[in-house]
Structure formats: C-alpha cells, structure tokens
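There are 2 protein chains.
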Amino acid sequence: MLATMLYGPRDVRYEDVPEPEILKPTDAIIRLSATCICGSDLWPFRGLNDVSAPMAMGHEYCGIVEEVGSEVTSVRPGQFVVGSFCLSDNTCPHCRFGFQSSCEQREFMTGAQAPLARVPLADGTLVATAELPPDDLIPSLLAVSDVLGTGWYAADAAHVQPGTTVVVVGDGAVGLMGVLAAKQMGAERIIAMSRHKTRQDLALEFGATDIVSERGEAGVARIKQLTKGVGAESVLECVGTQESMSQAIECARPGGSVGFVGVPHGVQLDGQSLFFAQKSLFGGPAPVRRFLPHLMDLVLERKIEPGKVFDLTLPLADVAEGYRAMDERRAIKTLLRV
Amino acid sequence: MLATMLYGPRDVRYEDVPEPEILKPTDAIIRLSATCICGSDLWPFRGLNDVSAPMAMGHEYCGIVEEVGSEVTSVRPGQFVVGSFCLSDNTCPHCRFGFQSSCEQREFMTGAQAPLARVPLADGTLVATAELPPDDLIPSLLAVSDVLGTGWYAADAAHVQPGTTVVVVGDGAVGLMGVLAAKQMGAERIIAMSRHKTRQDLALEFGATDIVSERGEAGVARIKQLTKGVGAESVLECVGTQESMSQAIECARPGGSVGFVGVPHGVQLDGQSLFFAQKSLFGGPAPVRRFLPHLMDLVLERKIEPGKVFDLTLPLADVAEGYRAMDERRAIKTLLRV
Chain A
1 MLATMLYGPR
11 DVRYEDVPEP
21 EILKPTDAII
31 RLSATCICGS
41 DLWPFRGLND
51 VSAPMAMGHE
61 YCGIVEEVGS
71 EVTSVRPGQF
81 VVGSFCLSDN
91 TCPHCRFGFQ
101 SSCEQREFMT
111 GAQAPLARVP
121 LADGTLVATA
131 ELPPDDLIPS
141 LLAVSDVLGT
151 GWYAADAAHV
161 QPGTTVVVVG
171 DGAVGLMGVL
181 AAKQMGAERI
191 IAMSRHKTRQ
201 DLALEFGATD
211 IVSERGEAGV
221 ARIKQLTKGV
231 GAESVLECVG
241 TQESMSQAIE
251 CARPGGSVGF
261 VGVPHGVQLD
271 GQSLFFAQKS
281 LFGGPAPVRR
291 FLPHLMDLVL
301 ERKIEPGKVF
311 DLTLPLADVA
321 EGYRAMDERR
331 AIKTLLRV
Chain B
1 MLATMLYGPR
11 DVRYEDVPEP
21 EILKPTDAII
31 RLSATCICGS
41 DLWPFRGLND
51 VSAPMAMGHE
61 YCGIVEEVGS
71 EVTSVRPGQF
81 VVGSFCLSDN
91 TCPHCRFGFQ
101 SSCEQREFMT
111 GAQAPLARVP
121 LADGTLVATA
131 ELPPDDLIPS
141 LLAVSDVLGT
151 GWYAADAAHV
161 QPGTTVVVVG
171 DGAVGLMGVL
181 AAKQMGAERI
191 IAMSRHKTRQ
201 DLALEFGATD
211 IVSERGEAGV
221 ARIKQLTKGV
231 GAESVLECVG
241 TQESMSQAIE
251 CARPGGSVGF
261 VGVPHGVQLD
271 GQSLFFAQKS
281 LFGGPAPVRR
291 FLPHLMDLVL
301 ERKIEPGKVF
311 DLTLPLADVA
321 EGYRAMDERR
331 AIKTLLRV
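Chains as they are written, first to last, in full-length UniProt numbering: chain A, 1 to 338; chain B, 1 to 338.
For the record, the hints were derived by calculation from the structure and aren't laboratory data. Keep in mind that a hint or two might mislead.
A pair counts as met if it fits within one copy or between any two copies, since identical chains are not told apart.
Mimicking EDC-like on lysine to aspartate or glutamate, the simulated pairs with C-alpha atoms at most 16 Å apart in a straight line are [unchecked claim]:
1. LYS24 to GLU107
2. LYS183 to GLU321
3. LYS197 to GLU214
4. LYS228 to ASP210
5. LYS24 to ASP89
6. LYS228 to GLU104
7. LYS224 to GLU104
8. LYS308 to GLU214
9. LYS224 to GLU214
10. LYS303 to ASP136
11. LYS303 to GLU214
12. LYS308 to GLU104
Please work from the sequences and hints to get the whole structure.
And the structure:
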C-alpha cells in the first residue's frame, strides 16, 4: 500500500510499504476512515527532533476494524472505532487511575497516515461506536483521537470549573480545542491569545469570549487588565516553548492552575520563582482514552463539532503538501482523505 | 525590651531594642505567650540568605492582644490570638480565593522572638479564641501559626484524599506536621522518609505507617517497592533542595501530586521531564490564614497535638542556643518561653 514516511527534515514521502499485519494477539488492523497531520508531526519535519531512520508517520485515527488478534475481545471486524494516540492496556494501575498515557505498556501510535494501520493493545486503546457513524461526523470523531483529547486534558489539568476565567495560550489546533473544552466545562470567560484572524474567528466560534493578540509581557499585561489585575483561575499552555510557558504561568492568578500539553522544548523552570508564584502546574501526554467515550458521545449527539478545526482537506496522496501548509501556517490542521 | 536580632551568619543576639508601637491604624501589638525558631530562620543563620542589616527575627507567634490601632475591629485587647506568618488583609481577591499568602498587601511577620510584637494587618491576620486557652495548649496553638499550617498546606496542595498513599520527603518539623495533616485528611498509608530515630518515632506518633530511611535513588526504589511499583498519589516536599524535589517527583505516581513547601534553593526543573513524568506540582508560602480557624479548633478540642514537635524548650534569653541546637540537628524545633 502507499503510506507516509518521513526520511528527514522536510522530506515526507508517500511511498509503497508493506501492509500492516497482526504481530501480537492483542493487535487490531483498522482501515482508516480519515487521518490527519498533528502539530507534533512538525517537530521532526522541521528537524527539531532527530530522525535517525525513516519514520512511519501518523498517530490520529479512526476507522473500521479489518482484523483482530486472537486475544482481542472488545472490538470486532466491521465496527467503527476511535483510538487514542497513546496505546494503553487500560488495566494497569496507571490506566485505572485515569492516566492511560502513562500506561505500564505505553506505546505511541505510528503509521496512521495510511489506508491501513496496526493498533497494538486494541482492547485497551479502541472504543467502538454502536453503529457506523454518518460520514459528516468523521472529521469530528477523528479529532477526538488526539487534538480534542489533548485540548480537553489541558482544561482538565488546569482544573477548569463552571463560572471561572480561562486563558488559552497558543492558537494552534490544540489551543482551539482547549477553547472548546473550557466552554463545555462551563467556563464563563475564555480568553484566547491569538494574532491570526482565521484562528481568532475559529476560537470565537468554539466559545472564546475575548481575544488577546499581544504576546509575552504585553500579553500578560493585557490579561491582567481584563481580569482586574487578578489573573485567570485556569491557563491552558498549548505550545511548549519557554516563552509560552512563562506567559502561561504569569497569566494565572495565585492559587490558579496551568495545564500544559505542548511538549516542552528547551523549557526550564526555576523552583523558587514557581514557589512564590504559587501556581499549580500539571501536564503531560493526554490520557485521551479516559475521555474517549464522553467525547465520542458529544460528537455523536452533535453537541460539539471539533472537526471544524480542519481547515484544509487533501487526498492522502498529497500528504507532503499538507505538512508544508501547516509548516507555513497556511493551514491550522490538515485532514487527509483516505 | 530584650529581643532577638540576627547580625550575620551565626551571630544571633538577644539585645535591647525599642518596644514595638502601633505604626498604622490596622496594627495590633501582642504580648507573646510563647514563640519559636523556624527551619527557615536557619537559612540566614547559616549565611545562605544575605543579611544586609540586623534582622528582627521570629515569625511564629500567639499571645494576648495588648493594643490595637484605630481601624482594628475583629480583635481587642485581652484576647488570645494566633496569626499567620504571612500577614494579609483577608479581603483582596487573592485572599478571598484562599491564597492569603499571595495577598495584594502581603508582608511577612518579623520580630516575634520577643516579648512583644507588632502585627500589621491585624484584622486580616489574627484569629482570636473564645476564651483564654489553658497553658498546656500554648505549644500546639503556636505551632498552628506556621509549622503546622505549612505542613497542612503541603498536604492540601498535594491533594491528599481519604484512603490514599502519601509520601513525606523531609523529617524536619514541617515534614512531621505534614504527616499529621495527611493523617487528619484520612490517608491510609503515610510513608515518612527519615533516617533519624527521634524523628522517625515522632513521625510514627503523628500517624506515619511506614518509615523509609534511604534517600535519593535508593529511597525512590524503596517507595516503589512499598507501592507495588506504582508510587504515591500524594508527595509532600518539605525540604527545598534539588535532591529532595527530584526525590519527591519520582516518588509520586503518574497523575499524582507533589505539594512543595520547602523554599526552593537552587532548584531547577526541566519542562520536558516534568511533562513526561505527568505529575502535578503545586506549592508556595502556605496560606495559613485559610486553615487557622479549623486548625485552632482541632487543637482546642484536643484532637491533634502538633506541639509535640517542640523537643527543646528554652527561655527566650537563650535563643542563640536554640538556633545552634537546630543548626546542629540536636533539636527538631525549639520553643522559646517568654
């Protein structure tokens, strides 16, 4: 089959690879209904993460089960499933504690920018729908797999409560999903920090009440101004740079919480500054599996439409152009038709 | 009057100073019933914090109100009061959010190792008892002012819940109070990390169920062994060094929480490590004022006896010996009779 491989910086190839097979009795093979490109795929694409060997790209997925290993009991061929980008057994102590992204058997999904993909730990990773969903819901169901689940976790880790003020740092797809999550969790005021018109518009559509286009110190000053000098109860850090993390911490009120889901690159935190700032910090890879059933229900009941975050749709064969469009910020997030 | 001044490293003097006076209409003057030496007093005593001018030492206090400023309404002369080491107005947004230690008007108490002390922001800082407490409760009421309030906050910030496992890093007075707090909050298993017999014994008396004498990597390995490889839901970091902070983070389970109350000295945290560790970090100067009424009630009802943490009692005139005894770890915490 033809699938997506990354050979090195900016070298994405759509090329012939062997079809995936059941390697372990806990595996499943799924036929992708759609797939997409993640902001985190841009780190190796930009050469910021090492690529020592060709990498099978893609970790966001939903589709129809083709085949299951002999030990798989919770899904069967023909069912529509969504899975988390973190593969988990969903039975170990960390999974049972709600942190499937720290599963004792954790692996990260790969190879989903393809027509077929192997999903290890299928029982602990995949959630099936009762019936096949209508086509128009596929983008939103795909979004649950990572980008929405991650934005949701940012809001969860930042302890978003009804009636509170939330700041979202980062207007990428995850940040926009963080806005949607904060809205669903009942936040009264949701301030999206964004300087791009299309992203601002989408943030407003997802529930943002205010837009702040300033960054850094000016951005923090604006947040303070909007909150009568107090700061926000919850801040969602959805970038992962030193600047964005500092900005997030400074936007929170004393006693407030920062949920950080942007994988930190070169971020250092001074213990004493964090102490006197008196702000809670909690993040990590999102335990999407915990949220999957709830988020899939919200999509199936048409209460949320996270699929709107895809502003570019391409055939899978044009995956390299999808990477370039996101790299050059011409697209927020690229959906790939399989 | 004679009071305690620090002139420089190891230079504590008990010397004649002017009696405190009402300087602002929101001040109170109290006559100390007892006072004590804090672990944090040892930082400047050891020369680890700068002492540029002679410092009036002492920030833990309880006693009888002598005089109040014209605007003070909540306490009156003759009442017994306990106050927080953080002075707060208890009306600003941060105070109302429960973080009086980040009060917009925050000051830190000084000059309490003396017969009389000035307490600024008296209305927002002091809590009076209904009647004068019996003498034998004075040490425990004094402990509420900082050391118990701080240990309590560590447990609060680490989200201690009934039935969970808690690790306490640090066997100083604050760590021992953290053990007591975790016990009161219903923790099922409380593992105190301590290598000193007298402190181990006190930890067990306060509610520890296990003692781990190893430190660093060996300590973490022992905690993992005791928790079937999982780690603890809550870890209380009560030291403030790089080693103790790393140890605390590693002892927590993924999704678990570290409450840190040891003022960090030279502690640096790597953002990416913290991300993949997936542990919540929350600390700062304790908002003791939030906890004061509840903790004073627990003492007055004789449900807790935090005053047991004082294992050396000296007359105030011997304050310098009190510092030396704590510095040389001959004493856990020194109570000073006024």
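(message) I want to check one pair: LYS308 and GLU214. Are their C-alpha atoms no more than 16 Å apart within a copy, between two copies, both, or neither?
(response) So LYS308 and GLU214 fail the 16 Å test inside a copy (25 Å) and across (54 Å) alike.
(request) Have a look at LYS183 and GLU321 and pick one of within, between, both or neither, based on CA distance no larger than 16 Å. (result) The answer is neither: 33 Å in one copy and 59 Å across copies each exceed 16 Å.
(message) At most 16 Å between CA atoms: does that hold for LYS303 and GLU214 within a copy, between copies, both, or neither?
(response) neither (32 Å within a copy, 53 Å between copies)
(request) State whether the alpha carbon distance between LYS308 and GLU104 is at most 16 Å within one copy, between copies, both, or neither. (result) neither (34 Å within a copy, 42 Å between copies)
(message) Within a copy, between copies, both or neither: which one fits LYS197 and GLU214 at a CA-CA cutoff of 16 Å?
(response) The answer is within: 13 Å in one copy meets 16 Å, while 56 Å across copies does not.
(request) Could you place LYS224 and GLU214 in one of the four classes (within, between, both, neither) given a Cα distance threshold of 16 Å? (result) Classified as within; 12 Å inside a copy, 45 Å across copies.
(request) Evaluate LYS24 and GLU107 at a C-alpha cut-off of 16 Å and name the case that applies: within, between, both or neither. (result) within (14 Å within a copy, 62 Å between copies)
(message) Reference check for the pair LYS24 and ASP89, CA-CA at most 16 Å: within, between, both, or neither?
(response) within (13 Å within a copy, 63 Å between copies)
(request) Go through the copies and call it for LYS228 and ASP210: within, between, both or neither, with a Cα cutoff of 16 Å. (result) within (14 Å within a copy, 47 Å between copies)
(message) Cα distance capped at 16 Å. Does LYS228 pair with GLU104 within a copy, between copies, both, or neither?
(response) between (45 Å within a copy, 12 Å between copies)
(request) Using 16 Å as the alpha carbon limit, work out where LYS303 and ASP136 are close: within a copy, between copies, both or neither. (result) The answer is within: 14 Å in one copy meets 16 Å, while 62 Å across copies does not.
(request) Evaluate LYS224 and GLU104 at a C-alpha cut-off of 16 Å and name the case that applies: within, between, both or neither. (result) Intra 42 Å, inter 14 Å, cutoff 16 Å: inter-copy only.
Checked against the numbered hints given earlier, the structure breaks hints 2, 8, 11 and 12 and satisfies all the rest.
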